[in-house]
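> Now for the letters of each chain:
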Amino acid sequence: MDISEIGRLSSVRRDYLARLAKEGKRPDGRGFDEYRPIKIEKNVLRNAEGSARVKIGNTMVLAGIKLEVGEPYPDTPEKGAMSTSAELPPLASPEFEPGPPKPGAIELARVVDRGIRESEYIDLEKLCIEPGEKVWIVFIDLHVLDYDGNLFDASSLAASAALQNAIIPNERYELGENEPLPVRKPPISCTFVKYSDAIVVDPCLDEEEIAEARFTVALDENGNIRAIQKGLSGSFTIDEIKNNIKRAQFHARNIRKLLEEENGKKDKES
Amino acid sequence: MLMKDGLRIDGRKPDELRKIKIEAGVLYRADGSCYLEWGGNKIMAAVYGPREALPRHIQDPTKALVNARYNMASFSVEERKRPGPDRRSTEISKVTSEALENVIFTELFPRATIDVCIEVLDAEAGTRCAGITAAAVALADAGIPMRDIPVACAAGKVDGMVVLDLTSEEDKEGEADLPIAIAPRTEEILLMQMDGHLTYQEFEEALELAIKGCKQIAKLQKEALMKKYESFEEE
Chain A
8 MDISEIGRLS
18 SVRRDYLARL
28 AKEGKRPDGR
38 GFDEYRPIKI
48 EKNVLRNAEG
58 SARVKIGNTM
68 VLAGIKLEVG
78 EPYPDTPEKG
88 AMSTSAELPP
98 LASPEFEPGP
108 PKPGAIELAR
118 VVDRGIRESE
128 YIDLEKLCIE
138 PGEKVWIVFI
148 DLHVLDYDGN
158 LFDASSLAAS
168 AALQNAIIPN
178 ERYELGENEP
188 LPVRKPPISC
198 TFVKYSDAIV
208 VDPCLDEEEI
218 AEARFTVALD
228 ENGNIRAIQK
238 GLSGSFTIDE
248 IKNNIKRAQF
258 HARNIRKLLE
268 EENGKKDKES
Chain B
888 MLMKDGLRID
898 GRKPDELRKI
908 KIEAGVLYRA
918 DGSCYLEWGG
928 NKIMAAVYGP
938 REALPRHIQD
948 PTKALVNARY
958 NMASFSVEER
968 KRPGPDRRST
978 EISKVTSEAL
988 ENVIFTELFP
998 RATIDVCIEV
1008 LDAEAGTRCA
1018 GITAAAVALA
1028 DAGIPMRDIP
1038 VACAAGKVDG
1048 MVVLDLTSEE
1058 DKEGEADLPI
1068 AIAPRTEEIL
1078 LMQMDGHLTY
1088 QEFEEALELA
1098 IKGCKQIAKL
1108 QKEALMKKYE
1118 SFEEE
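Chains A and B, in that order, are what the protein sequence lines are. Using this note's numbering, read the first sequence as starting at 8 and increasing by one per residue. Using this note's numbering, read the second sequence as starting at 888 and increasing by one per residue.
The shape of chain A in the complex, shown without the other chains (with noise of 0.2 Å):
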C-alpha cells in the first residue's frame, strides 16, 4: 500500500516500534510469527452469487462475488474469464478518498487475482456455455471496511471463502437450475513486512506505516508457490526471501484448516 506516504505515524511512536522490534516484541504484544485472531464468515449477502466477510484483527474485508453473461477471451474461447477489483471506500479509514481506484487498490486487486488465477482455483473450463460466444464471467469485488493493516491476506481470504460457497445463477439467464460454482482448492495468501531489521508476519496498520519492504506470497495446498509480490522501496536478502517463504508455508497450512473448518460448518447447516 502506498498509505504510508502520507506518515500518519509520530517519530515517538516509530522509535517506539523499532525499539521494541529490537527486543523481538511487537506494539500488540504478539510474536513476529503470530497472526492476529481471524474470523471467517461466509453466505453475508442475498444479491451477491457468493460471499464472505473476514476479519483478521480489526481489519475488515467483504468479498462479493458476481457471474454474468459474456464473451471469452479470443485465446480462450473455450474457457470462463475472471476479473478482481478492490474498492478502499473513504468508509475504511481517515486517510481513503472518494474517486476512481489508486495504485494501491490496483495492486491489491492484481495480487489477489494472481493467487486464484494462478492456482487455477476457479474451474474456468467448466464456465463455457457456448465456445467463442458465451461464457461466464466471475467478478470478484473486494470492498474494504475496516484498514488495520495487512488488507493482502484478508482480501484473498475473503476472495477464497466467497468463491467456496457461490453460485451460478442459471436460472436469471433461463439456463437451467443454479449450480455452484466449480472451484479447486484456494490459494492462501500470506504477507511479510520488514522494519528495523525484524520481519514479521500479518503487519498491523502502524507496522505497514514504518515498514521498509514487503512481501506476500500465495501458495497452494501442497505449499508451492502460485504468486509472489515484493512491495515499497526497501530490500529482502536472498535469505530473508526464502525464510519468508518457509514462514508462509508454515501460516498457510493453519489458514487452510481454518477455511475448511468454516466450509465444513456451513455444508452442515445446508
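Read the hints as simulated data drawn from the structure, not as lab findings. Built from N, CA and C at the ideal position, the CB exists for glycine as well.
Straight-line distance between alpha carbons at most 27 Å, and here's what the computed BS3-like set of lysine-lysine pairs gives:
1. A:86 with B:968
2. B:968 with A:109
3. B:981 with A:109
4. B:906 with B:1109
According to the in silico footprint, chain B covers these stretches of chain A (three or more CB under 8 Å from chain B):
5. 61–72
6. 101–115
7. 144–158
Mind docking chain B on chain A? Use the hints.
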C-alpha cells in the same frame, strides 16, 4: 396483484415495517459507525470528523461542511453495478448531506468537515432511507452534537392502497413512492422525494404513515445507541 386479503406480497399489513436491526459502533477506524439491516438491505455507515476540510478553499469560516457519500457495492444488486459514483448515487449523496446538515451544530466547527460514508452492501428497495437512518446513528456514535437524530422511511401506493416501507416489487410495480427523512422530536421534514401518482388525500395519508414509520425506527436507533454503552458497563 400486489395486495391480497388486505395483506402485501411479503405478508405484511399495509402499515407494517420490514424487519430492522441496528448496531452502533461496529468499526475500529471510524470515529462513529453503524451497521443496519432493513429487510434485504444491509448498510454500513461511518463518520469521520469533525476534521480539517481540505483542500483549504472548500473551508467555510462560519461552519463545518457535512459531506455524505452514498455508494453501492458492485455486488449489492442483482446485475453487477460498475464501481464508482453514478448520477443516482450523486443525487442521493447530495440530498442526504443536506438532510443531515440540518440537525448538526455545524457552527461549532468552522473550517472543518464531517464526512459521512454510506456503503450499501446488499440492496432491496429503500436504500436511501436505510442509509440516512444508519448515518444518523453513526453521527451520534461519533459524538457529533445534533439537535435530534434524523430518521428516514418511505410510504407509497400499491394496488390503490397507501402502504408503509415498500419492497422492491412494490417499488417497481406500485403507483408511488414517497421517501422522507424527519427530525423525530419536532417532525420537521429534512428530506422528501416522490415519484409516481398520488391524489392530495393519498399524499396526506402517505405522509402520516411515513412519519409513524419514522417514529418506530427512531426508537430502534436509540436502543442501538444505548446498547453500545450497556456493553461497556458489563466490561
